[in-house]
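Visitor: Spelled out, the chains give:
2 protein chains.
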Amino acid sequence: MIVGCGFGGLFTARALRNTPADVLVIDHNNYHLFQPLLYQVACAALAPADIAQPIRTILRHQKNARVMLAEVERVDLFGRCVEASDSRVPFDYLVLAPGAVDNYFGHEEWRSFAPGMKDIQEATLIRSRILRSFEAAEIEADEAERAAHLTFIIVGAGPTGVELSGSIKELAVDVIARDFRVADTRRARVMLIEAGARVLPALHSDSSARALAQLRTLGVEVRLGAPVTQVFADGVEVGGERLRSHNVIWTAGVRAAPLTASLGVPLGTGGRVCVAPDCSVPGHPQAFVIGDAAYLVDAASGQAVPGVSQGAMQMGRYAARLIDAELRGIPSERARGFHYRDKGSMATVGRSRAVVELGRLHFGGLLAWLAWMALHVTVLIGFRNRLAVLASWIYSYVFFRRGSRLITGLAPGRIHAPLAPANAAAHTPAAQMPVAQMPPPPEPRA
Amino acid sequence: MIVGCGFGGLFTARALRNTPADVLVIDHNNYHLFQPLLYQVACAALAPADIAQPIRTILRHQKNARVMLAEVERVDLFGRCVEASDSRVPFDYLVLAPGAVDNYFGHEEWRSFAPGMKDIQEATLIRSRILRSFEAAEIEADEAERAAHLTFIIVGAGPTGVELSGSIKELAVDVIARDFRVADTRRARVMLIEAGARVLPALHSDSSARALAQLRTLGVEVRLGAPVTQVFADGVEVGGERLRSHNVIWTAGVRAAPLTASLGVPLGTGGRVCVAPDCSVPGHPQAFVIGDAAYLVDAASGQAVPGVSQGAMQMGRYAARLIDAELRGIPSERARGFHYRDKGSMATVGRSRAVVELGRLHFGGLLAWLAWMALHVTVLIGFRNRLAVLASWIYSYVFFRRGSRLITGLAPGRIHAPLAPANAAAHTPAAQMPVAQMPPPPEPRA
Numbered sequence: 036m037i038v039g040c041g042f043g044g045l046f047t048a049r050a051l052r053n054t055p056a057d058v059l060v061i062d063h064n065n066y067h068l069f070q071p072l073l074y075q076v077a078c079a080a081l082a083p084a085d086i087a088q089p090i091r092t093i094l095r096h097q098k099n100a101r102v103m104l105a106e107v108e109r110v111d112l113f114g115r116c117v118e119a120s121d122s123r124v125p126f127d128y129l130v131l132a133p134g135a136v137d138n139y140f141g142h143e144e145w146r147s148f149a150p151g152m153k154d155i156q157e158a159t160l161i162r163s164r165i166l167r168s169f170e171a172a173e174i175e176a177d178e179a180e181r182a183a184h185l186t187f188i189i190v191g192a193g194p195t196g197v198e199l200s201g202s203i204k205e206l207a208v209d210v211i212a213r214d215f216r217v218a219d220t221r222r223a224r225v226m227l228i229e230a231g232a233r234v235l236p237a238l239h240s241d242s243s244a245r246a247l248a249q250l251r252t253l254g255v256e257v258r259l260g261a262p263v264t265q266v267f268a269d270g271v272e273v274g275g276e277r278l279r280s281h282n283v284i285w286t287a288g289v290r291a292a293p294l295t296a297s298l299g300v301p302l303g304t305g306g307r308v309c310v311a312p313d314c315s316v317p318g319h320p321q322a323f324v325i326g327d328a329a330y331l332v333d334a335a336s337g338q339a340v341p342g343v344s345q346g347a348m349q350m351g352r353y354a355a356r357l358i359d360a361e362l363r364g365i366p367s368e369r370a371r372g373f374h375y376r377d378k379g380s381m382a383t384v385g386r387s388r389a390v391v392e393l394g395r396l397h398f399g400g401l402l403a404w405l406a407w408m409a410l411h412v413t414v415l416i417g418f419r420n421r422l423a424v425l426a427s428w429i430y431s432y433v434f435f436r437r438g439s440r441l442i443t444g445l446a447p448g449r450i451h452a453p454l455a456p457a458n459a460a461a462h463t464p465a466a467q468m469p470v471a472q473m474p475p476p477p478e479p480r481a
Numbered sequence: 036m037i038v039g040c041g042f043g044g045l046f047t048a049r050a051l052r053n054t055p056a057d058v059l060v061i062d063h064n065n066y067h068l069f070q071p072l073l074y075q076v077a078c079a080a081l082a083p084a085d086i087a088q089p090i091r092t093i094l095r096h097q098k099n100a101r102v103m104l105a106e107v108e109r110v111d112l113f114g115r116c117v118e119a120s121d122s123r124v125p126f127d128y129l130v131l132a133p134g135a136v137d138n139y140f141g142h143e144e145w146r147s148f149a150p151g152m153k154d155i156q157e158a159t160l161i162r163s164r165i166l167r168s169f170e171a172a173e174i175e176a177d178e179a180e181r182a183a184h185l186t187f188i189i190v191g192a193g194p195t196g197v198e199l200s201g202s203i204k205e206l207a208v209d210v211i212a213r214d215f216r217v218a219d220t221r222r223a224r225v226m227l228i229e230a231g232a233r234v235l236p237a238l239h240s241d242s243s244a245r246a247l248a249q250l251r252t253l254g255v256e257v258r259l260g261a262p263v264t265q266v267f268a269d270g271v272e273v274g275g276e277r278l279r280s281h282n283v284i285w286t287a288g289v290r291a292a293p294l295t296a297s298l299g300v301p302l303g304t305g306g307r308v309c310v311a312p313d314c315s316v317p318g319h320p321q322a323f324v325i326g327d328a329a330y331l332v333d334a335a336s337g338q339a340v341p342g343v344s345q346g347a348m349q350m351g352r353y354a355a356r357l358i359d360a361e362l363r364g365i366p367s368e369r370a371r372g373f374h375y376r377d378k379g380s381m382a383t384v385g386r387s388r389a390v391v392e393l394g395r396l397h398f399g400g401l402l403a404w405l406a407w408m409a410l411h412v413t414v415l416i417g418f419r420n421r422l423a424v425l426a427s428w429i430y431s432y433v434f435f436r437r438g439s440r441l442i443t444g445l446a447p448g449r450i451h452a453p454l455a456p457a458n459a460a461a462h463t464p465a466a467q468m469p470v471a472q473m474p475p476p477p478e479p480r481a
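Line order of the protein sequences matches chains H and P. The opening residue of the first sequence carries number 36 in my numbering; numbering runs sequentially from there. The opening residue of the second sequence carries number 36 in my numbering; numbering runs sequentially from there.
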């Protein structure tokens, strides 16, 4: 049984394709999501379907695999079964790959003001909020309030935060500026706030410096060493200073999916399961935890396996090899333990801007950007999705446009997202301003 | 001021591009939706963004046009203003084009069991419900219950009902059959229930007969002269017979958007405004109502202008010409009144199946299908959307696949849509069946 079909779960299932076993994949979504491109959904460049592929379709030809759409609520390690949608499903081997959720570090109340971006629902919500901010700015008569609508604050400068802030800036400057008559979206402020000393802390410091320079060239305001101490409906507090914004996005960190708590075993930082060197739950050699939900220090390098897709994929293939060997009764790699191979890292900042690390080779700029695109299109699951993403990127590159500028899922007629009912009185929403005061259209801009 | 940016509103705005006036377009969505292809979103063939284009982008180069995202709640004809999001916005001329909503003919309580399909939210909801039905069938142990999950009932055989039922049948038979191990989706029943004597009642009877034959070849069960007398959480009642289904879709008719009631003028059938021959509200020559919200008997033909995109577009252009002439102080066509020109009708039933009427020329089959596709791609707004739709159709045609098979927006872990809390106890949802009883995978099918 495989719970969760992200990179870890999917690669486990595929690696078991010739194993003499019934493989049951359970996920609460009917699709595998290519999370590295989720930020492009939030920025209206890609449609959700472009980066999602039905799990059934991926495993269509794998005859030993079955797929079940259900939410796993609890894992019973001793009873060897999981509880999913009020029923109990037994397993012989379990690979738990539930992934991660946003980590608000004890401030869950910030979630409603600063949504994170871990699934399609959240990404389309953020897309709607971003697009609505520009709409609100267009009809806002008050100058300060309009500025707050045109200020975007991204908390946390990991890859998602970096990519998102660059992409929002480009959206405002290159894509939509000519669509608005009153609001000058080219003057939109995008602020990337990071508690640590550099952006992309998981990469080497020269890549961080390179990405920082690229972000600043683009016009993103980066604040380093600036921990966010409070989040409000209309902004954040950073080092005693209050920054106003109606659009705060949380990319400051992740924690393991809450399902790990049901295991009844000790958890490490961020709710991760402290697994044995063979990725199994201590005392339960038939139950593996992989990917973002696992905490494992690689004995060879002395470093924790990072919470990236490569780590999840490698752990999944390792667990599959163990299971396959044991079911066939041949010697397995279990005693050797799992070892992570770092194949490199990359992040993109925007049009023709990216940083790449391949072993000791670190580079940025156009070449890095092309490498980033090539890798992401190649790794993306599904022929159609590859074509669609490639076509969308070419379209955006040539025409400076984005194909998925839809505001959906919010109450009709509300200009701003109804995320913060409690503090809504703290500011006057643009929607309640007399629109008759809407400023006249200025002279056409160049 | 133009309220609503469907076909009527958009064509009014465009026709006013050289008029010496400030054109303000108000819509509660930020996009113009190409409704004729909405059913393809519901059937997972197209992504929502493929058939929606931001209104701002469409009107980007029209310097006299401004766009406002807001919900118009009331029209004050005497005060010459509208109330939108708690503010009052004045107008000199008004073109009201709010479109239509589903008509449950006094049975609003049926809406929760049988959603309609008038906007993107509804279409993605129906998509999720359809896809979840197949998922529920896959893990359902009870034979009768599984059959109910694999039965799709479409109420109303207008163009949307015909297109939807054909497309669902093709989805079940051609697209997803090999993705499932237990449920034989090729045996899914699709029932099209129509109170009247024929399908596509707005077309000529030879086209109806042609479409009926095409539907039956495809395997859709069509029942004519069969009014639905009751809708339940798990089926419908037709002529005393109860048909079980967990997926009932309502395409039985439309009524004018509720905004028309705020005008304080007499309304015709379906809440439509009985407009003067020049499309204006009687007594208010500066206020026009066009499209699905207007009821107008064409003096020349003696027939009501049909609620189709052609009617809305022609009315919009007519109203724009009147306004333009009056603002310029030149003679207008007002006294002549509006006359509808029927440019033909078409509907598609499925792969290589369609019916077309062009004047006296009526034909069906492959040629009609190609004509249907060519027309829809051509009329679709936006270069990118045309390419995307065409590419999706070619992909579907060649590979028998569909690119947008996402279940979104429903509570995670719920197998079936939580539409009917009141009657939910009437049947046992599949999600609550012991999944351990899930039947074993059968031998691979050919």
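Take these hints with a grain of salt, some might be off.
Copies of one chain are not kept apart here, so a pair can be met inside one copy or by any two copies together.
With a straight-line cut-off of 20 Å between C-alpha atoms, the simulated EDC-like cross-links for lysine to aspartate or glutamate are [unchecked claim]:
id	residue 1	residue 2
1	Lys-153	Glu-143
2	Lys-98	Asp-219
3	Lys-153	Asp-214
4	Lys-153	Glu-368
5	Lys-153	Glu-108
6	Lys-98	Glu-144
7	Lys-378	Asp-219
8	Lys-378	Asp-241
9	Lys-153	Asp-219
10	Lys-378	Glu-276
11	Lys-98	Asp-111
12	Lys-98	Asp-57
Everything labelled a hint here was simulated from the structure, so no lab data went into it. Note that the structure is a prediction, hence the values are computed from the model and not measured.
Visitor: A separate judgement is required for each hint: does it hold in the structure or not?
Guide: Hint-by-hint comparison with the structure:
1. In this homomeric assembly, Lys-153 and Glu-143 come within 20 Å of each other (Cα to Cα) only inside a single copy, at 15 Å, whereas the closest approach across copies is 36 Å.
2. Within a single copy, Lys-98 and Asp-219 get their C-alpha atoms only as close as 56 Å, which misses the 20 Å cut-off; across copies the closest is 16 Å, which meets it.
3. For a Cα distance limit of 20 Å, the shortest separation of Lys-153 from Asp-214 qualifies neither inside one copy, at 30 Å, nor across copies, at 27 Å.
4. Proximity of Lys-153 to Glu-368 under the C-alpha cut-off of 20 Å is found in neither arrangement, the shortest distances being 33 Å within a copy and 57 Å between copies.
5. Taking identical chains as interchangeable, the C-alpha atoms of Lys-153 and Glu-108 lie at most 20 Å apart only when both belong to the same chain, with a minimum of 19 Å there against 35 Å between chains.
6. Neither within a single protomer nor between protomers do Lys-98 and Glu-144 lie at most 20 Å apart by alpha-carbon distance, with minima of 45 Å and 44 Å respectively.
7. In the homo-oligomer, the alpha carbons of Lys-378 and Asp-219 never lie at most 20 Å apart, since the shortest distance is 43 Å inside one protomer and 43 Å across protomers.
8. Taking the shortest Cα distances, Lys-378 and Asp-241 sit within 20 Å of each other inside one copy (18 Å), while across copies they are farther apart (65 Å).
9. Taking CA atoms no more than 20 Å apart as the test, Lys-153 paired with Asp-219 passes in neither setting, with 31 Å inside one copy and 34 Å between copies.
10. In the homo-oligomer, the alpha carbons of Lys-378 and Glu-276 never lie at most 20 Å apart, since the shortest distance is 41 Å inside one protomer and 64 Å across protomers.
11. Proximity of Lys-98 to Asp-111 under the C-alpha cut-off of 20 Å is found in neither arrangement, the shortest distances being 27 Å within a copy and 65 Å between copies.
12. For a Cα distance limit of 20 Å, the shortest separation of Lys-98 from Asp-57 inside one copy, 9 Å, qualifies, whereas the shortest one across copies, 63 Å, does not.
In summary, the structure is inconsistent with hints 3, 4, 6, 7, 9, 10 and 11 from the numbered list given earlier, while agreeing with the others.
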